[in-house]
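2 protein chains.
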Amino acid sequence: MLTVNGRRYHKPKQTTVVVCVDGCEPDYVGQAVAAGQMPWMQATLVHGTALHAEGVIPSFTNPNNVSIVTGVPPSMHGICGNYLFDPETQREVMMNDPKWLRAPTIFAAMTQAGVSVAIITAKDKLRRLLGHGLQQGICFSAEKADQCNALEHGIEGVLELVDRPLPAVYSADLSEFVFASALALLRADRGGLKRPDILYLSTTDYIQHKYAPGSLEAHDFYRMLDQYLSELEAMGCVIAVTADHGMNAKIAMDGKPDVIYLQDWLDEAMGAGKVRAILPITDPYVVHHAALGSFATLYLQPGMDAMRLRERLQGLRGMERVLLKAEAALAFELPADRIGDLVCLSERFTVIGTSKTRHDLSGLDVPLRSHGGISEQRVPLIVNRAISGLDPNRRWRNFDAFDLALNHAQ
Amino acid sequence: MLTVNGRRYHKPKQTTVVVCVDGCEPDYVGQAVAAGQMPWMQATLVHGTALHAEGVIPSFTNPNNVSIVTGVPPSMHGICGNYLFDPETQREVMMNDPKWLRAPTIFAAMTQAGVSVAIITAKDKLRRLLGHGLQQGICFSAEKADQCNALEHGIEGVLELVDRPLPAVYSADLSEFVFASALALLRADRGGLKRPDILYLSTTDYIQHKYAPGSLEAHDFYRMLDQYLSELEAMGCVIAVTADHGMNAKIAMDGKPDVIYLQDWLDEAMGAGKVRAILPITDPYVVHHAALGSFATLYLQPGMDAMRLRERLQGLRGMERVLLKAEAALAFELPADRIGDLVCLSERFTVIGTSKTRHDLSGLDVPLRSHGGISEQRVPLIVNRAISGLDPNRRWRNFDAFDLALNHAQ
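Protein chains in written order, with my numbering: chain G, 1 to 410; chain S, 1001 to 1410.
Derived by calculation from the structure, the hints in this document are not laboratory data. Even for Gly, the Cβ is constructed at its ideal location relative to N, Cα and C. Check before you lean on any hint, since a few could be wrong.
Stated by the list, open to error - The calculated label-pair distances, taken between Cβ atoms and stated as ranges, are:
#, chain 1, residue 1, chain 2, residue 2, range
1, G, Ser388, S, Glu1320, 26 to 32 Å
2, G, Pro87, S, Gln1227, 54 to 60 Å
3, G, Ser388, S, Asp1365, 31 to 37 Å
Said to hold, decoys possible - Chain G is nowhere near these chain S residues, computed Cβ spacing over 12 Å in every case:
#, residue
4, Cys1024
5, Tyr1170
6, Asp1197
7, Tyr1211
8, Lys1256
9, Arg1308
10, Arg1394
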């Protein structure tokens, strides 16, 4: 057994696939199963293990993927957003660089123990974080599948291996490419590659940002997912399916995003530039959500009254909770040195922006759907093996996925 | 000015229509407006007044309709469900009878002051409560529009007047009949009827129980609603639109209702029959929700430890809040003598049942959608007149509708 970040994991006896379905609000699965779109899932929910779990807050992609692959919350691994304000340099910077990572991944430990690992992400932004410390093994993104080389990615010629063209970054196809790649890697006779013992597959929430549970477009996506999962099972894999976060409509009755433009409000209420609002959802891929999510953190100038400001923020329509730094660090297991003096979470239908002029809504061709808040914390945790003795009333976390898959399902 | 239940109301200067759109989760409006299905609403949200409001808990039809027409919460008007346990008689009884009503309606006061009133409901179950104390005026349901007589309903020959056949009780047509009746009543030359000064129109949530915001079926309903509202406006009416409650999917990942069968759990945990679980959603019309909602109240036998039971219930997956009687009465403005020792609210995707054998799910031909909890408390509050000086951050209630329509919009 290996110990990683204080948790113990068995090496896999069977090929083990953990899937993080980006933005997979459990209702997507429920509606698709009800509509007969997911026959594999329908059977798995009966014969396997079906739990509801909670992801980490902020309910964004990077903090949750890193939690899943380290088995611990952001307070331990350090990744609490895509984007942060670095008080040392007084600059707002991306958090994609592995230098921000404070905990080793399960993969790094497994490869050191001779287990072969393959990590396939939809977008490239996650790849370096997830693959950090990987001594050997495969780690690439569908987005840049055409640029893989043996040294950096542990594989080359991915497009030929998978036999699909490079997918567009804003597409359902980007996710499908992840699954098609996994199947290709598991076909042992291809390319002389070592068959992976552990696969981690992480998709993109392009579809979930656009289409609600029960819609035809969502059904198409989940039918595709179901088909690939059934093929992976047919190859004998132990499969755990979870998600980084859920997804909700974030619009007002006029059909437009229901936004609290927090920097504008702060500049008006506290004086221009006195408080800095940071949106950790910010990243280079914002067309489908315009950098609007339900989480913000605020940096106050020294001497300002955080308690009083909290009270005023708490009174804004659409604000669900406002916490002091220490409270937020405790409640959401966040690294206190990487969040501001206040943490703001907006409710299910509301998002937080900075200044109205800094958000380009022109890319939103359908009513906004987004995440980041408490209302998007609930995710599936499904394993294709029956596991006896689990307490469904326990607080399960998406970062229990590897524990279930490696320690209980085989 | 008239004073009703401590609130003051002007008599209408213009014909005033208050509409309670049953189950109108604000997202229905947002998605329909975004899809171009509600041109009148889209314009009204810009030129009129658009607020989000909270209904009362339990987020059911009767408590909320009665709140809207009395202007006060259940603690004052007494109606806290469709169904209650009467500790005096030790029997479970319907709460449809006006004998349970503890406050007069705005309509009763208005008719006494010579204002003509017409109340049109979709289902007949509401009619007697809403029409209680009406000295004169019109009060009928679409469901029993064929059985109206001058003595009881203040009108006869409704089918001829409206020129539509009697609608089916489980249909969108039942709601459309309500609006068609309102238009017919406002055409002054018909039947020598006195043109109403105040109309209260209350629809049924048949569509909302079946179809999600953004679906084609929901769009059809809201397009119909929009067309009637625009016709009412063209007749010069002041219109306020609100709702009794929202609506959410209440299913697990297998597509089936996600139910806490509370009576079964209590019988197992506490001993058979020791605690009685009452579901105030229960009424004779349960085909579309199988009497499954997100609110229950529990009656304990004397000497039982309510605090300890609360703690255990709070630990059940899907339970959002469990309150002692006094806490619930305070938090949700409920009549303490008409609720049990504990009040249980399940979360957004979960409903509470009694015993598994007592719920017939065979009528559910689509994945369950229901209400009753905190997650369905948010509703629209829209007026087709600009009202200046309103604070959008104030806690608005659906039972402010008559105050806005009569005191601020004309």
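Problem set entry | Unmet hints by their number, sorted upward, for this structure | Of the numbered hints, 4, 7, 8 and 10 do not hold.
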